[in-house]
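Chains as they are written, first to last, in the UniProt record's numbering: chain A, 1 to 556; chain B, 1 to 556.
None of these hints come from the bench; they were simulated from the model.
If you're wondering where the values come from, they're calculated on a predicted model, not measured in any experiment.
Idealized CB from N, CA, C, for every residue including glycine.
Some hints here could point you the wrong way.
Stated by the list, open to error - Quick partial rundown of chain B residues pointing at chain A, CB under 8 angstroms, derived from the structure: (1) Asn-45; (2) Asp-273; (3) Asn-276; (4) Pro-309; (5) Leu-310; (6) Val-312; (7) Trp-316; (8) Asp-386; (9) Asp-390; (10) Lys-415; (11) Asn-416; (12) Ala-421; (13) Val-425; (14) Glu-509; (15) Arg-512.
2 protein chains.
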Amino acid sequence: MDTQPEWRTLAAEKRQAILDAIPQQWRIDAPIPPAEELRDVTGSNYIHQFLTPREIEITETDALGITEQTTSGNWTAVEVAEAFCHRAALAHQLVACLHEIFFDAAIEDAKRLDAYYAKHRKPVGPLHGLPVSLKDQFHVKGVETTMGYVGWMGTFQGRRDDLRRGEFESELVRELRALGAVLYCKTSVPVTLMAGETANHIIQYTWNPKNRHLSCGGSSGGEGALIALKGSPGGFGTDIGGSIRIPAAFNFLYGLRPSSGRIPYQGAANSMDGQNTILSVIGPLAPTARSVKLLFKAVLSQRPWYHDPLAVELPWRDDIEQETRALIEESKSDPTKLSFAIMYHNGLTRPHPPVARGLRMVERTLERLGHKANADLQQSKAFTADGGEDARIHFGLSGEVPEWPLLIGREDQKKNALEIAALNVKKREYQKLYMEYWNSTAELTGTGRPVDGLICAVAPSAAVTPGGFNDVGFTSFVNVLDYTSVVIPVTYADKTVDVAPSNNEFFGEVDRRTQAGYDAEIYDGAPVAVQLVGRRFQEEKMLVLAEHIGAEIRNG
Amino acid sequence: MDTQPEWRTLAAEKRQAILDAIPQQWRIDAPIPPAEELRDVTGSNYIHQFLTPREIEITETDALGITEQTTSGNWTAVEVAEAFCHRAALAHQLVACLHEIFFDAAIEDAKRLDAYYAKHRKPVGPLHGLPVSLKDQFHVKGVETTMGYVGWMGTFQGRRDDLRRGEFESELVRELRALGAVLYCKTSVPVTLMAGETANHIIQYTWNPKNRHLSCGGSSGGEGALIALKGSPGGFGTDIGGSIRIPAAFNFLYGLRPSSGRIPYQGAANSMDGQNTILSVIGPLAPTARSVKLLFKAVLSQRPWYHDPLAVELPWRDDIEQETRALIEESKSDPTKLSFAIMYHNGLTRPHPPVARGLRMVERTLERLGHKANADLQQSKAFTADGGEDARIHFGLSGEVPEWPLLIGREDQKKNALEIAALNVKKREYQKLYMEYWNSTAELTGTGRPVDGLICAVAPSAAVTPGGFNDVGFTSFVNVLDYTSVVIPVTYADKTVDVAPSNNEFFGEVDRRTQAGYDAEIYDGAPVAVQLVGRRFQEEKMLVLAEHIGAEIRNG
């Protein structure tokens with residue numbers, strides 16, 4: 001007799017349905033080696049055995065490289081879609097990174113794109129034939145959005161009789177289709193979205209494919225894991241406290257958290273929708289900076305401000321891109337043309353040895369290039385104003401009981417209108433303070449301008465052990481400021497060099513616990529990244545600088 | 001024995017102090033004729049008697065015209081400042097429109113500007129030597145900000161020991177000084193700012209100088225009255241539900257309510273600060289469209305986004321200005337190049353006869369030009385979420401009891417975090433609906449584009465009888481949408497043509513009461529204006545179109 005609660009049964013059924021959506025020929029029959037035997041499943045050491053050379057060629061080309069082939073008719077949309085569907089299916093079997101699989105619809109869409117190209121001899125748009133993965137917050141016709149809630153199964157955002165169920169598409173989805181993208185899967189999230197790891201009762205736990213002892217990060221964790229396994233050339237996540245940047249960093253990817261209002265959030269599911277002290281934003285993740293830029297710029301070309309009331313009328317600004325490229329060029333003869341601040345810690349926590357080494361590598365790179373460096377930061381938070389009510393409502397739909405640490409509110413943290421207004425004022429005051437601090441660096445840089453960017457860690461650790469993520473302090477200050485941040489992958493944790501310091505001085509208890517959590521053996525091989533933070537709406541400049549710095553780190 | 005409460009005494013003392021700040025030679029000694037004898041005190045029929053021909057010449061030049069003289073050294077900043085100080089002093093004695101007078105500081109500033117010009121042979125900035133008036137929400141060094149609260153006297157926003165008292169300046173004030181503007185007075189507001197008339201215990205009631213039976217409007221009412229009397233060539237008000245547009249319309253002025261994020265609100269006093277469902281915005285008022293544009297564009301040149309965290313990085317976009325001018329040019333040979341919607345009522349209230357006639361005049365003008373026309377609207381509100389607590393706190397400082405209708409919340413309207421979030425979602429849904437409606441007009445206009453603008457009333461009445469303003473429905477929908485709106489003055493109420501219709505059909509009780517409130521005799525001579533509403537961030541386009549339409553109305 002089955003004594004488990006119904007929501008567990010429902011979750012297991014959905015879990016099985018996801019696996020059942022994988023075509024028989026793409027299933028991995030042989031047992032998958034445990035993490036103890038094979039940490040990294042991303043490359044030739046393992047996943048390649050299931051793929052044809054052609055599939056490897058396609059899936060190991062970056063998004064920009066793919067669109068060069070598909071928009072010129074060299075590669076068909078169908079062969080590209082099939083290759084990524086196959087690799088995504090493998091990825092899911094390895095690390096449980098998918099919530100929805102709709103490969104058949106993708107192939108049909110790809111066929112239509114190929115037919116269009118055959119007839120018109122030109123692509124539908126700049127993303128013609130490019131597979132794009134989506135975090136399970138975006139509504140796509142014909143498939144569910146559960147966002148990890150068992151209670152959302154068979155509903156539209158928890159409402160069973162909502163006519164939009166299975167029909168409605170989010171604005172970003174509409175725009176991606178108009179750009180020629182092929183949609184084929186939706187990726188895993190932590191239930192409530194308020195966590196830096198990815199776990200829910202449906203997919204259970206999404207592991208880090210580069211080191212399967214560790215988490216893929218969150219909340220856009222499925223995106224991070226899938227793209228790291230090259231089951232997707234790029235995709236879209238969301239970020240309210242670090243949810244794009246943490247998985248980007250944990251999976252050795254570039255990831256952009258734009259300022260709010262650039263990528264349309266209209267029609268996407270969300271937690272605590274309407275909370276507008278700190279807005280969640282959408283941004284792309286991909287293995288290369290140029291691919292992140294491609295996705296971002298392509299969406300802007302759709303003029304989202306005519307379709308999303310919260311989007312700002314800011315097209316991609318070529319002049320800023322060109323100015324930034326000119327600065328980089330000039331800096332080759334006069335390195336003081338660019339200057340960066342580096343923040344080694346946030347006054348509360350010091351990063352683990354691999355992350356600290358990553359920061360030093362970036363600093364050395366900038367020093368080699370002659371760009372200057374400084375230091376600072378602070379933080380804040382505001383996701384608990386509803387006292388956790390939004391999450392309680394949606395858990396209540398199924399009765400499920402969350403089993404993972406979530407950054408949601410407690411009853412006693414509930415706020416009223418006047419208290420929320422006070423929080424908004426406090427946030428604005430913090431923003432103003434930080435703005436003036438940034439302005440003041442003009443007196444230090446020698447460029448005549450304030451620093452061009454701030455380099456800092458994304459998290460204290462290089463990926464994280466399960467249950468170990470509890471510090472968004474390195475990312476959430478960017479959300480409070482609504483600044484631009486681009487994650488730049490740097491290196492990998494290496495147990496032979498990243499030894500814990502004998503030093504026993506700590507900022508405090510959080511720092512002590514963080515340092516105690518470092519285990520050189522377990523973290524070995526985990527990705528290390530930094531974020532390049534720019535001011536509000538500086539996406540054009542930061543993407544160009546991130547590409548420059550990323551390339552120079554590899555040259556270094 | 002004085003039995004009145006202390007706050008009444010304090011208010012009377014402050015009222016007297018404002019009058020005492022007027023130099024003896026500028027005081028009006030002869031009795032001022034009552035409204036029954038002389039409605040309109042704005043022109044040669046009355047105010048000119050107190051001014052020299054040179055003062056009349058200066059004060060009856062618009063802001064752009066003044067800067068042409070001051071930035072080229074033809075007029076000194078001192079003579080311009082003195083002329084406006086004099087006329088502002090007269091204006092205040094006629095209609096009680098000033099909260100703060102600091103003429104001495106203005107003359108000192110003007111002397112410094114003249115010295116700068118003499119030394120460098122160039123102006124400090126585009127507003128060199130231009131007097132600019134400010135609503136009493138802006139902090140200016142050396143003077144108080146009471147915002148009409150007796151309890152704010154001698155404090156900084158109600159805090160007695162705040163070191164910013166008398167020292168701090170709002171960001172806009174800093175930018176205006178950097179542009180070369182001369183600051184000399186702050187204008188009256190309704191206490192709490194939440195009213196469409198201007199009354200508080202300090203200045204008591206600000207009358208409409210064009211028709212002293214009527215209100216000057218609110219909440220930027222002092223601005224409207226002062227500029228109508230040409231005691232200022234232009235100034236800045238704020239608008240959360242119509243507070244720039246209502247006084248602009250009631251005083252026959254152009255007024256711009258920009259989308260939020262263009263003019264910096266940083267460091268200005270406000271009601272319900274931190275309420276961010278609907279943001280109050282700052283915008284200019286002036287007698288000519290080109291002067292409104294001058295003030296708006298000048299502020300943007302200061303790059304407020306580096307000084308106000310809520311400001312958006314959108315400089316004045318010359319390309320949009322040029323495109324709009326090109327559209328207007330093209331429309332001369334092909335009138336269908338531009339199209340406008342006209343809304344005669346909002347489904348709840350029908351405007352009074354003078355306002356309806358104004359709308360017909362605009363429609364005839366557009367028809368004459370060949371530009372098309374349509375219709376629509378809705379509304380909403382969200383200023384009551386704090387249950388009136390913010391106002392109660394500030395009234396509580398002095399114990400004063402408000403005696404005018406205020407649009408503030410009742411205790412039972414207080415909302416919590418989840419309810420505010422739901423309100424934010426509802427607002428966004430309304431915005432999206434309206435956006436799609438606007439998009440859909442592309443199928444009707446014949447231009448291949450949606451309508452270029454929507455023409456509608458600003459209020460049901462042409463100015464308003466005291467205590468009669470209770471309907472922000474014509475303006476507040478623009479705040480909910482965060483759209484751009486420019487008020488265009490059209491004509492004046494005329495008792496010989498604006499007769500009440502015999503028709504007795506009403507939309508409902510509000511409409512019936514509004515229609516019953518019309519009195520052709522009392523309203524005779526009151527200004528009539530319309531607003532030209534454009535989409536979010538379309539300030540460049542709307543300012544150019546407003547200038548075009550305004551000029552054509554005069555030509556018509």
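Hints versus structure:
no., hint, in the structure
1, Asn-45, "violated (46 angstroms)"
2, Asp-273, "holds (6 angstroms)"
3, Asn-276, "holds (5 angstroms)"
4, Pro-309, "holds (3 angstroms)"
5, Leu-310, "holds (7 angstroms)"
6, Val-312, "holds (6 angstroms)"
7, Trp-316, "violated (14 angstroms)"
8, Asp-386, "holds (4 angstroms)"
9, Asp-390, "holds (7 angstroms)"
10, Lys-415, "holds (5 angstroms)"
11, Asn-416, "holds (5 angstroms)"
12, Ala-421, "holds (3 angstroms)"
13, Val-425, "holds (4 angstroms)"
14, Glu-509, "violated (29 angstroms)"
15, Arg-512, "violated (34 angstroms)"
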